[in-house]
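Just so you know, the protein sequences line up as chains A and B, in that order.
What the first sequence shows, in my numbering, is residues 1 to 213, in sequence order.
What the second sequence shows, in my numbering, is residues 1001 to 1363, in sequence order.
The set of hints was computed from the structure by calculation and includes no laboratory data.
Just so you know, these numbers come straight off a predicted model, no measurement behind them.
Errors might be hidden in some of the hints.
Cβ-Cβ distance ranges computed for the label pairs, FRET-style [what the hints assert, rightly or not]:
1) B:1134 - A:199: 19 to 27 Å
2) B:1197 - A:110: 21 to 29 Å
3) B:1238 - A:49: 42 to 50 Å
4) A:200 - B:1014: 51 to 59 Å
5) B:1134 - A:24: 33 to 41 Å
6) B:1195 - A:199: 42 to 50 Å
7) A:56 - B:1013: 23 to 31 Å
8) A:49 - B:1015: 22 to 30 Å
9) A:110 - B:1313: 57 to 65 Å
In silico negatives: residues of chain A with every beta carbon more than 10 Å from chain B [unchecked claim]:
10) 3
11) 74
12) 90
13) 102
14) 127
A virtual CB, placed ideally from N, CA and C, is assigned to each residue, including glycine.
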Amino acid sequence: MIFDWAWVADNLGDIWAALAEHIVLTVIPIGLGFLMAFPMALASIRWPGLYSPLLGVAGILFSIPTLALFVVMIPFTGLSKATAIVPLTLYTLLILLRNTVEGLKGVPVHVREAAEAMGYTRTRQLFRIELPLAVPVIVAGLRIATVNTIAYVAITALIGQGGLGNLFMDGFLRQFPTPLIVGLVLSVTLAVTADLGLLGVQRVLTPWQRDPG
Amino acid sequence: MIIFESVTKRFADGTVAADDLSFEVPDGELVVLVGPSGCGKTTALRMVNRMIEPTDGRINVNGQDAASVPAPTLRRDIGYVIQQVGLFPHLTIADNVATVPSLIGWDKERTNERVEELIDTVGLSQEVAGRYPRQLSGGQQQRVGVARALAADPPIMLMDEPFGAVDPIVRALLQDEFLRLQRELKKTIIFVTHDIDEAMKMGDRIAILNVGGVLEQYATPTDLLAEPANDFVVDFLGAERNLKRLALIPVSAVEPEPGPLVSADDPASRAREAAREAGTDWALVSDADKRVEGWVSIDSLDEQETVGNGEIQPFGHFVTHDESLRAALDVMVESPLNVAVGVDEDGRYEGVVTHNTLTGELD
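Excised from the complex, chain A in its bound form (with noise of 0.2 Å):
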């Protein structure tokens, strides 16, 4: 038999608290990378000269094994969740830092010209026209950082860490398939519900792109 039921009925408590750490270590990286990627964004817009370094720097972040990550991190933050979390952010980094400088510079010029006729100050204008209208873009960008971050953490395992992953590297030491099922299903599950929760979230900030009613 391929799947045991009574292995899920006995582990019970123990899935819970994978699925708990693997929500924990996806909300974690994406709230701190977003709280960096924000800043950088409105810092690239108004000096346009950064945004070229900043996203390159954000690239090669992306663009470093996870494995190797873990082990530049070790020696500082030992087998804690730091280490986990600290990559996991950093790769958030290129997606939010792109989707939210371009869902910026997105707005139409004649609005922004409209804004500042109007007598908007620049801060103000940022955050009454620009990024309301952005969020389509920016939530874009959240929704593919944590759909990818849904998929890193898994990783993590191989540092004591890693939510789900710990099932499939049980199911997979011990040549047993169901708590590798059970964390395939969990995982494709947490990511497909993360991903319609925040197009929900999308649909809740903008009324404004809805069918006419």
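Chain B: place on chain A using the hints.
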């Protein structure tokens, strides 16, 4: 009042978009900046609210040097309407209109009242208040653009091809409505267009600009057509300059000729006499109340009869004194007598407009 004092704008690439521009926009007047592309009309407009800063010279807006006022403060007193409208897609129509009131801190109640009033003023139904811009037609969006610009009742308006993006029928409608509105509001307006006909229709005064930001002539439409300053202006005004002039002169501004008018009861000899005096071979026939019934050919009259027994031919069209000489010309061309008969609102005879009347005006 807006005063351009020797304003020059040279862009970083060396292009000159305004070359020593000096002119005044008097309070309550609509001044049109018109010219071919590259003449810097939009640049001139945008220097008023400091979207573009002049390289040299000064622009005085309502008594203060525009450069001495912080740009956002200056702009809140200047309505701005552009061709692409530039409504904020994420805000409802009501919130779009409320933009400037909310920037200058009006309370909710005052803002809501004002928004409701403006939606009426620009001829929209209150139902649009809660909709988003993309749910409106181009013409409706343009109206919202005008309402948004008027929201805080700014003394000055800048309009950059505001009716350029809608079809010709809607454009004419919006122009007419805006002129009606302007007669009430008496805003001081600078209006940019590339269309000389729109300029003639909208402008109290017209500034004709040439490539390189050179002001070729600044005058009222009538003066511009009567005395174009140079060949560029003549060319820009186009081939139908005289027709355009006639379109701007009301029939009431000219002295119509008395014409050979007789009553249907008059003897034929009276008609013959009147025609001879007027140098025509026809006479106009009216009833006792001076209402024009038509005309008779003198040759067709029987000497022993009254005019009324002759064959009275009706007129297809008349002109009234509030119509233009251009309309009179249309009537003349259609009339077998080559004149336009002028009547008052009740159809009573006032005189005839002849070819001589028109050429006399154009000289």
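Against the structure, the hints come out as follows:
Between residue 1134 (chain B) and residue 199 (chain A) the Cβ separation comes to about 20 Å, which falls inside the hinted range of 19 to 27 Å. Under the hint 21 to 29 Å, the C-beta atoms of residue 1197 (chain B) and residue 110 (chain A), about 25 Å apart, fit the expected range. Distance hint check: the CB atoms of residue 1238 (chain B) and residue 49 (chain A) are about 48 Å apart, consistent with the given range 42 to 50 Å. Taking 51 to 59 Å as the suggested C-beta distance range, the pair residue 200 (chain A) and residue 1014 (chain B) conforms, at roughly 53 Å.
Between residue 1134 (chain B) and residue 24 (chain A), the C-beta spacing of about 40 Å keeps the proposed range 33 to 41 Å intact. For the pair residue 1195 (chain B) and residue 199 (chain A), the supplied restraint of 42 to 50 Å holds, since their beta-carbon distance comes to about 46 Å. Range check, residue 56 (chain A) to residue 1013 (chain B): Cβ separation about 29 Å, and the 23 to 31 Å hint holds. Evaluation of the 22 to 30 Å hint for residue 49 (chain A) and residue 1015 (chain B) yields a pass: the beta carbon distance comes to about 24 Å.
At about 59 Å, the CB distance of residue 110 (chain A) to residue 1313 (chain B) agrees with the hint of 57 to 65 Å. With 10 Å as the threshold on Cβ separation, the claim that residue 3 (chain A) sits away from chain B holds: the shortest Cβ distance comes to roughly 49 Å. At the 10 Å boundary, the C-beta of residue 74 (chain A) stays outside the reach of chain B, the nearest C-beta of that chain being 46 Å off. Listed as a non-interface residue, residue 90 (chain A) keeps its Cβ farther than 10 Å from every Cβ of chain B; the least gap is roughly 32 Å.
At roughly 17 Å from the closest C-beta of chain B, the C-beta of residue 102 (chain A) stays outside 10 Å, upholding its exclusion from the interface. Distance check for residue 127 (chain A) against chain B: the nearest CB is about 12 Å away, which clears 10 Å, and the non-interface claim stands.
Comparing the model with each numbered hint stated earlier shows that all of them hold.
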